[in-house]
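Trainee: What follows is the residue order along each chain.
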Amino acid sequence: MSGTPPPAALEIAGVSHAFGTVRALDGVSLTVPAGAFVALLGVNGAGKSTLVNLATRLYDGGGGSIRIAGHDLRRDPGAALASLGVVFQSRALDADLTVRQNLAYHAALHGIGRRAAAPRIAEVLGLVGLADRAGVSVSALSGGQVRRAEIARALIHRPEVMILDEPTVGLDVRSRAEVLALTRGLAARQGVGVLWATHLFDEVGEADALVLLHRGRVLWHGPPAALAPDGDVTGAFLRLTGAAEAA
Amino acid sequence: MTEAVPRATPAPATRTGLPRGAWAIAFQGIAAREALRFLRQRGRFLAALVRPLVWLFIFAAGFRSVLGLSITPPYQTYVLYEVYVVPGLVAMIQLFNGMQSSLSMVYDRETGAMRTLLVSPLPRWFLLFSKLMAGVLVSILQAYAFLAIAWFWDVRPPALGYLAVLPALIFAGLMLGALGLLLSSAIRQLENFAGVMNFVIFPMFFASTALYPLWRMRESSVLLHDICAANPFTHAVELIRFALYLQVNWLSLGVVLGCLALFFGGAVLMYDPGRGLWPRRKGGR
Numbered sequence: 000m001s002g003t004p005p006p007a008a009l010e011i012a013g014v015s016h017a018f019g020t021v022r023a024l025d026g027v028s029l030t031v032p033a034g035a036f037v038a039l040l041g042v043n044g045a046g047k048s049t050l051v052n053l054a055t056r057l058y059d060g061g062g063g064s065i066r067i068a069g070h071d072l073r074r075d076p077g078a079a080l081a082s083l084g085v086v087f088q089s090r091a092l093d094a095d096l097t098v099r100q101n102l103a104y105h106a107a108l109h110g111i112g113r114r115a116a117a118p119r120i121a122e123v124l125g126l127v128g129l130a131d132r133a134g135v136s137v138s139a140l141s142g143g144q145v146r147r148a149e150i151a152r153a154l155i156h157r158p159e160v161m162i163l164d165e166p167t168v169g170l171d172v173r174s175r176a177e178v179l180a181l182t183r184g185l186a187a188r189q190g191v192g193v194l195w196a197t198h199l200f201d202e203v204g205e206a207d208a209l210v211l212l213h214r215g216r217v218l219w220h221g222p223p224a225a226l227a228p229d230g231d232v233t234g235a236f237l238r239l240t241g242a243a244e245a246a
Numbered sequence: 046m047t048e049a050v051p052r053a054t055p056a057p058a059t060r061t062g063l064p065r066g067a068w069a070i071a072f073q074g075i076a077a078r079e080a081l082r083f084l085r086q087r088g089r090f091l092a093a094l095v096r097p098l099v100w101l102f103i104f105a106a107g108f109r110s111v112l113g114l115s116i117t118p119p120y121q122t123y124v125l126y127e128v129y130v131v132p133g134l135v136a137m138i139q140l141f142n143g144m145q146s147s148l149s150m151v152y153d154r155e156t157g158a159m160r161t162l163l164v165s166p167l168p169r170w171f172l173l174f175s176k177l178m179a180g181v182l183v184s185i186l187q188a189y190a191f192l193a194i195a196w197f198w199d200v201r202p203p204a205l206g207y208l209a210v211l212p213a214l215i216f217a218g219l220m221l222g223a224l225g226l227l228l229s230s231a232i233r234q235l236e237n238f239a240g241v242m243n244f245v246i247f248p249m250f251f252a253s254t255a256l257y258p259l260w261r262m263r264e265s266s267v268l269l270h271d272i273c274a275a276n277p278f279t280h281a282v283e284l285i286r287f288a289l290y291l292q293v294n295w296l297s298l299g300v301v302l303g304c305l306a307l308f309f310g311g312a313v314l315m316y317d318p319g320r321g322l323w324p325r326r327k328g329g330r
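Just so you know, the sequences run in chain order A and H. Heads up: the first sequence begins at 0 in my numbering, then just goes up one per residue. Heads up: the second sequence begins at 46 in my numbering, then just goes up one per residue.
Isolated chain A (complex conformation):
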């Protein structure tokens, strides 16, 4: 019965990146198993967005390797990106178009034609609770609805991995909780590996794993409970970063 274990949804190994002489990432490694919700926690400037840009191939170069659903991003970018859904920190939907038109456009970018896209659009909008907003212009949606529509967009091609970069920035408490619950549900029910980049400590407590990024380096990678048995992730973060500064 022994077989080759399925590849991790996302494998980042020894990734480094610099902007000129400023080293933004230094040998970062992390793994997101299929169906796991992994939180990437770091303060502003820690290197989270740089890592997201590398994992989505907006940047390339530097050392290390990134594998998405088993495909090497540098050697086989097409197959790797076909397995990836992304929600960027800045909103990426076209405000002039309706939710349906936006999703149809993104389906086309993944080679999904209009006929095949129609049922998928209905499916993912139902999943994110926006089934009744398909014909509405994006400019008429609330902040939380836009975020959910962005998640629907990222799901349209049924990715194996999702990367979300600070997806709750600018949302009210209720919308934040909804988006977080929705994404955790995707990992648990759909088997999608999720990497959730955030600077908000209260969003990481229930993650399956926590990656703590500080000044471009991984300070911790493991279950949040192992880092902070008392649930005080903030305290544990301050201790770890303090130790790193002293070193």
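Mixed in with the good hints there might be a few duds.
Counterexamples of contact, computed for chain H against chain A with all Cβ distances above 12 Å [to be verified]:
| # | residue |
| --- | --- |
| 1 | Arg-78 |
| 2 | Leu-91 |
| 3 | Leu-125 |
| 4 | Gly-157 |
| 5 | Leu-163 |
| 6 | Ile-185 |
| 7 | Val-245 |
| 8 | Ser-266 |
Taking beta-carbon pairs under 10 Å as the criterion, some of the chain H residues facing chain A (in silico) [as the list claims (entries may be wrong)]:
| # | residue |
| --- | --- |
| 9 | Gly-66 |
| 10 | Ile-70 |
| 11 | Ile-75 |
| 12 | Gln-86 |
| 13 | Arg-87 |
| 14 | Gly-88 |
| 15 | Ala-92 |
| 16 | Val-95 |
| 17 | Arg-96 |
| 18 | Asp-153 |
| 19 | Ala-158 |
| 20 | Ser-165 |
| 21 | Leu-172 |
Simulated from the structure, these hints should not be mistaken for lab results. All residues carry an ideal CB built from backbone N, CA and C; glycine is no exception.
Got chain A; can you put chain H on it based on the hints?
Mentor: Showing chain H alone in chain A's frame:
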């Protein structure tokens, strides 16, 4: 809010994991988005038409009496100034459209829409070319609308010229759009776009054969003549002018295709994730 969604049987896929026909579907999708945006911005269409029409109705009418033209190829006889200036104004539509596309690329980059385009699994050069081609199709509609109005102003090239000019419009539009694409990769903020107007559009337009033939330039300044002769926009104008009168200006065709390759190659390089400006800019903008 969250329900389990059955995983559907995947469509037949190519080696890259994309469905068959993915490239054509992606192009259709990009073109459809440009068309939808265009339909929602009807003012843009009117503005693109009003600009050359003002030149045709007012500027050309004024210059008609003071600017004599000798027989200039491809014309077989003396022509009115309005007749001479129309191909230049068609190219002007494409020049402004190319820069408008560039502006739209910078806007997309600022809003984040560009990122979703660039993380598509299709090759980046193809995505950029599709966006470029979609913009050119829009500019061709504008060019034909202008030519139709000019027909009523007694600017009537041979009927077949309207068909023969189509490839010229595609090549000239692609070259000017590629220039816009290249510029968009170097412009960091929307506010900087005013510089493009001052340093690219106006010099390219005025230092070309759009308004005056080359021999007239030489009469006033040899240096200006040489600048105009080297200006890629001059060759876009001449390619369109000759095609409208059922001739091919091979030199202009060569220059336009060469510049297209140069500008588009540069743009692809600038948008390359490993080599362009993006990886060097914190924030990817």
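Trainee: Hint by hint, say whether it matches the structure.
Mentor: Hint check results:
1. A beta-carbon of chain A is positioned within 12 Å of the beta-carbon of H:Arg-78; the least distance is around 5 Å.
2. Once the 12 Å rule is applied to beta carbons, H:Leu-91 is consistent with being away from chain A; the minimum gap is 17 Å.
3. Every Cβ of chain A is farther than 12 Å from the Cβ of H:Leu-125; the closest lies at roughly 42 Å, confirming the non-interface assignment.
4. Under the 12 Å C-beta cut-off, the non-interface status given to H:Gly-157 relative to chain A is violated; the minimum distance is some 4 Å.
5. Listed as outside the interface, H:Leu-163 is inconsistent with that label: its C-beta sits roughly 6 Å from the nearest C-beta of chain A, within the 12 Å cut-off.
6. With a least CB separation of 22 Å from chain A, H:Ile-185 remains clear of the 12 Å interface cut-off, as annotated.
7. Against the 12 Å criterion, H:Val-245 stays outside the reach of chain A, whose nearest CB is about 26 Å from its own CB.
8. With a least beta-carbon separation of about 44 Å from chain A, H:Ser-266 lies farther than 12 Å from that chain, consistent with its non-interface assignment.
9. At about 7 Å, the closest approach between the beta carbon of H:Gly-66 and any beta carbon in chain A falls short of 10 Å, and the interface hint on this residue holds.
10. Using the Cβ-Cβ criterion of 10 Å, the hint placing H:Ile-70 at the interface with chain A is satisfied: the shortest such distance is roughly 5 Å.
11. For H:Ile-75, the shortest C-beta to C-beta distance to chain A is roughly 7 Å, which falls under 10 Å, so the interface hint holds.
12. Interface hint status for H:Gln-86: upheld, as the beta-carbon distance to the closest one in chain A is roughly 8 Å, under 10 Å.
13. The beta carbon of H:Arg-87 is not positioned within 10 Å of any beta carbon in chain A (closest approach about 12 Å), and the interface hint is therefore violated.
14. For H:Gly-88, the shortest C-beta to C-beta distance to chain A is roughly 13 Å, which exceeds 10 Å, and the interface hint is violated.
15. With its C-beta approaching chain A no nearer than about 17 Å, H:Ala-92 sits outside the 10 Å limit, and its interface hint is violated.
16. Against a cut-off of 10 Å between C-beta atoms, the interface hint on H:Val-95 is violated, since the closest Cβ of chain A lies about 22 Å away.
17. Checking H:Arg-96 against chain A: minimum C-beta separation of about 23 Å lies over 10 Å; hint violated.
18. Against a cut-off of 10 Å between C-beta atoms, the interface hint on H:Asp-153 holds, since the closest Cβ of chain A lies about 9 Å away.
19. Taking 10 Å as the C-beta contact cut-off toward chain A, the hint placing H:Ala-158 at the interface holds, the least distance being around 5 Å.
20. Checking H:Ser-165 against chain A by beta carbon gives a least distance of about 4 Å; that is within 10 Å, so the hint holds.
21. A distance limit of 10 Å between C-beta atoms decides the matter here; for H:Leu-172 the minimum to chain A is near 8 Å, and the interface restraint holds.
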